[in-house]
Amino acid sequence: MADQEFTPRAAFAGLADLAPGPASFARDAGVGVIATDRDGLGLATVALRKGQRESLTQCVRERYGIELPQGPHRAAARITAVNGAAAAGIAFIGTGPEVWLATQEKGGNDFAKSLEREIGGMASVSDQSDGYAVLRLAGPKLRDTLAKLILIDVHPRVFKPGDVASTVAAHVGATLWRLPDGPDGAPVFEIAVFRSLAASFWHALAESGAEFGLLELRALA
Amino acid sequence: MSASRNGAAPRNRLPKQGLIDRSQVLSFLFDGRRYTGFGGDTLASALLAAGVKLMGRSFKYHRPRGVLTAGPEEPNALVELRSGARREANTKATVAELFDGLEARSQNRWPTLAFDVGAVNSLFSPIFVAGFYYKTFMWPAAFWEKLYEPVIRRAAGLGAASMQADPDTYEKAHAFCDVLIIGAGPAGLAAALAAGRSGARVILCDEDFLLGGRLNGDRHEIDDSSGRDWARRIEAELRSLPEVRIWSRTTVFGAYDDGLSGTRTFGALERVADHLAVPRAHQPRQRLWKIMAKRAVLAAGAIERPIVFGGNDRPGVMMASAVRTYVNRFAVVPGQRVALFTAGDDGWKTAIDLADAGVPVQAIVDARRDITPQLLDAAKRIQARVFSGAQVVDAHGSHGLEHIAIRENNGRLTRLAADTLAVSGGWNPNLALSTHVGGRPGWSDAVAAFVPGDMPRGMSVAGAAGGSFALAAALREGAAAGADAAAAAGFSNATPPRWRTDDEATALTPLWFVAESKAKSFVDLQNDVTREDVALAAREGYRSVELLKRYTTLGMATDQGKTSNLNGHAIMAALTERAIPEVGTTTSRPPYTPVAIAAFAGPHRGKHFKPTRLTAGHGWAHERGATFVETGQWLRAQWFAAPGETNWLETVSREVKAVRGSVGVCDVSTLGKIDIQGVDCGAFLDRVYVNLFSTLGVGRVRYGLMLREDGCVMDDGTTARLAAHHYVMSTTTANAAKVMQHLEHARQVLWPDLDVQLVSITEQWAQYAIAGPNSRRLLERLLGSAADISNTAFPYLACAEFSWRGIPARLFRISFSGEMAYELAVPARYGDAVIRAIMAAGDEFGIVPYGTEALGVMRIEKGHVAGNELNGTTTAADLGLGKMMSKKKDFIGRVLAGRPGLADPDRPSIVGVIPVDKSARLYAGAHFLTSGADATLENDQGYITSVAFSPMLGVWVGLGLLTRGPQRLGERIRAHSPIRGGDVDVEIVSPVFFDPQGARLHG
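Top to bottom, those sequences are chains U and P. Positions 1 to 221 (this note's numbering) are the ones given, in order, by the first sequence. Positions 10001 to 11003 (this note's numbering) are the ones given, in order, by the second sequence.
These are computed hints drawn from the structure, not numbers from a lab. Since this is a predicted model, take the numbers as computed values, not measurements. Heads up, the beta-carbon is just placed ideally off N, CA and C, and yes, glycines get one too. A few of these clues could be false.
Said to hold, decoys possible - Listed next, the stretches of chain P that the computed footprint assigns to chain U, with coverage defined by at least 3 CB atoms under 8 angstroms from CB atoms of chain U: (1) 10278-10290; (2) 10614-10626; (3) 10826-10836.
Unchecked claim - So the derived list for chain P, only partly shown, Cβ under 10 angstroms to chain U, looks like this: (4) E10171; (5) H10604; (6) F10609; (7) D10675; (8) I10807.
With these hints in hand, go ahead and build the complete structure from the sequences.
The structure is reproduced here in structure tokens:
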């Protein structure tokens, strides 16, 4: 049998058609929420090994230009002359005591392997690139839509760029973080749910957003 | 009425004024008859405008009833709205916003509202007293359920449900704010402005569709404009503030717990589309809000109190403030001959407003002897006859008020023709939300009413809700409360705004009831509770207000006694010669007004009641025509019917034979997978499993069993060692979350000294079991050079991680079916591609996909225990796994597993059973009895846990738990299943039915 490569299937593939519709009056209102499928984002759980706090902190600082966040915060890499391209697109998201979700743009399954090489002795690394389905969420009606899904105050005064929350969205466990604002100055969030729940979560999101305008699912540019 | 039906101005509509939109003519049906109203009307105001006074029949006596109020406290005018599946019962006509095409029907009448057969109950009213049903329908006892209750329920009750699924959607949403303001009357608007100007995040809720509260129903001056214009102006400013949210049509129905920071949770119902015939696309009918507020201001106003007198339920007897609201807000005069019966100054406003609107007032009956000269002057101006120190003792009229009887202060009884009687007994602060978390109201002699006692933390009260009934006080208190609440929430720059307003006379001498009245005097109009019922309760000893409520139903049902409780309690106080505060008042609990169950369910209905988990191979299985079964939240393929197969047993038997004959594939992605890493992971596993894992070699897998602390089996599964400090545990699908919790508890609480990290990786990997004698050949084709899986390189219970066509893969040689078998894991995004690749590679072997049912048949054939046996009551020994319990180490559950009860050799233990008659069917759940023994609990010897038709043996086989089972092989006993299939004689055999030597496993 020829060793052809396997075609991956995104967690949200085919779900855009399941948005409630036709969105007649919603369409008039314009796009209320824009959801971008973050398929391909490298994700890994990083759990601190005993007694390795300092060395991990230092290692993450040197390799990625990241101050390992304490508590529910996200810290993205600062590219320096030392870390070069290795840190590009990497962020650490605090999800629990001594546990982080590390992400890398387009890192895929290789990201966990590279993390393992860099910090393996100081932390246990588990690949989650396929375990979580991640959406980037933006749009003028996002806050009103999220209000129907989560019991977290995402008002800009309260939930600032870099803030993280582990919560439940319509009975689906979810991790939410706020990215730096978009070019239009509007808030941008990402939300991660277990992959198997992608369809249920999408249904809840699409229903919640339908009133405010067409929910658009975009592939990552 | 004919005029209104032709679209001309209804007879009771004033030619101008009112907060209605006369350009918007709305047509609606009431009891099949067509009427028109205007935009801004309620159903009640439009019906009153059309001269309709009779709106319903009462609960018990079926007496004709009209509208009493102009708000949510309405006890009488309950109607059914809409038709078909959207039909809803018990909507108050006083809050139902009129829309074009509205259909409404009166309730509780048959055959018609005007002629109601049930009204004969009124003739028997001497026997229909409180407690009548309990006293009368006692014997024979069986008749209660079969006859009495159904008949009574048909005769009584309030409206009927549609019995169809609700076609509309409902939402649940969450909101956060610094200051929540409950009520948008003068106090609430002032509070919202004070808080809003400070920059605080404010939510202002009002149940009405129009902000302003009493400012819309009364005539006031604030600064140099009318009260209603002031309300519009404040609303406009509030709408310009970006952090102020204004929710009209929204009832805050409950106050709930607070957090450490003082933030309190409130429940609110937004009637998003109740004022539309059908919600717009994607618009919910109603939205249930959970509001988290740092501070809250209760500005819910007050509810006017009736006076209890004879015939006080006649259509036409209305609250004085409601009459003002209909006149001033809706431009509707409820009648042509109006009289007033009041106990205080406030009621006089009604007479003045009516007269100013051109409606002559026949009489002002004030129970007080001393009336201020200002009021007497006003009466003179409007040419109304004043009866001071007088009382209305009776109201007459069959379908509506016709005349009243007045006992004058000189003792003379005067009859006066009137079609409308406005009644004012004072005001009760609307304090319900102050009591929801345990606060008790306190009595105020000053206003003759209960006022909020200790307010809940973080909540303040302003205006009439706190007993300050004058407008000036409401504005002052509202502004101060809003500013204070904002300051407490961290916005200290708030300065309370000030306004000038007219002085009001609010003196009152409370009059609860007219003692002299002989005719039926209603305390609670909704439940038909009369003054005599309260007296009966007092005579029979039900004197506590809580007992009074339950005995007479005073204050129950949809209005919860908003207009009746205090009067009832005051009557009880008079009867028992106690003061009202001594008698006390009943406790108000959420919700303040009824909330539809659908709103609490929100979008979680039908299939969306809970989320569904789908494996990466779900789409493929769906294409293959799989039948799915719910396993917890997961959907798993149960079987894959082939064309021509007519029943599941045929399908499942084919799948089993194909696996055992060649090869099959099953999606096992749903099994729990836990990454266990760290220096001490081996030691950790030794402590959670009964058997040893630290000794397991890298690249090897072992079956493990874990106990709960109490010694019973918790879960089983295989755990693989991928590296020195890295294991991967598998759990059963059902117990995945529970095992993860159990391990986290052990790691964090029991042994925090161990270096162990746990991560659920269930979702990361799509995993397929490939089983059958051709499984290795298939995998060799599929994997190619990526891994050496020859029997020597990769024997039974081996595992490996490798890169396969550019993706990470894991392979485990484990078997649940008893065949040579492997489990192949790939990142979930490749799960769809890989199952298709497995099927393609297996084509030449005739591969079949198999589901959970075939999986179950094969494990029963092999005597493997599963959920039916791991049922929380069994020990390792019960399951024949006692020998796995290591004696060299300690582990969770070891000590308690040694308890005499759990170590009892007589405990039911695992056996196999086959029917003596080979054609007989076995049923799980059948109990074991020795032949001839009676089917009693004492003779019970255990039961069958799992059954399957074994296609390999051609007979039904079962696993069961039997007293001293393993010692009884060959014995014949009875499997007793009285509810399914009766008794079957069975033979006790080894639980391993197929390939007992396990030769097939090793290939």
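Cross-check of the supplied hints:
1. For a cut-off of 8 angstroms, the count of residues in the region 10278-10290 of chain P with a CB near a CB of chain U stands at 6, and the three-residue condition holds.
2. Counting residues of the region 10614-10626 of chain P whose beta carbon lies closer than 8 angstroms to any beta carbon of chain U gives 4, which reaches the threshold of three, so the coverage claim holds.
3. Restraint check on the region 10826-10836 of chain P versus chain U: 9 residues with Cβ-Cβ distances below 8 angstroms, three needed, restraint holds.
4. Taking 10 angstroms as the C-beta cut-off, the interface hint given for P/E10171 holds, the closest approach to chain U being about 6 angstroms.
5. For P/H10604, the suggested interface contact is upheld, since its CB lies about 7 angstroms from the closest CB of chain U, less than 10 angstroms.
6. The restraint placing P/F10609 at the interface with chain U holds, with a minimum CB-CB distance near 9 angstroms, inside the 10 angstroms limit.
7. Below 10 angstroms, beta-carbon pairs count as interface contacts, and P/D10675 has one with chain U at about 5 angstroms; its hint therefore holds.
8. The interface hint given for P/I10807 holds, since its Cβ lies 6 angstroms from the closest Cβ of chain U, which is under the 10 angstroms cut-off.
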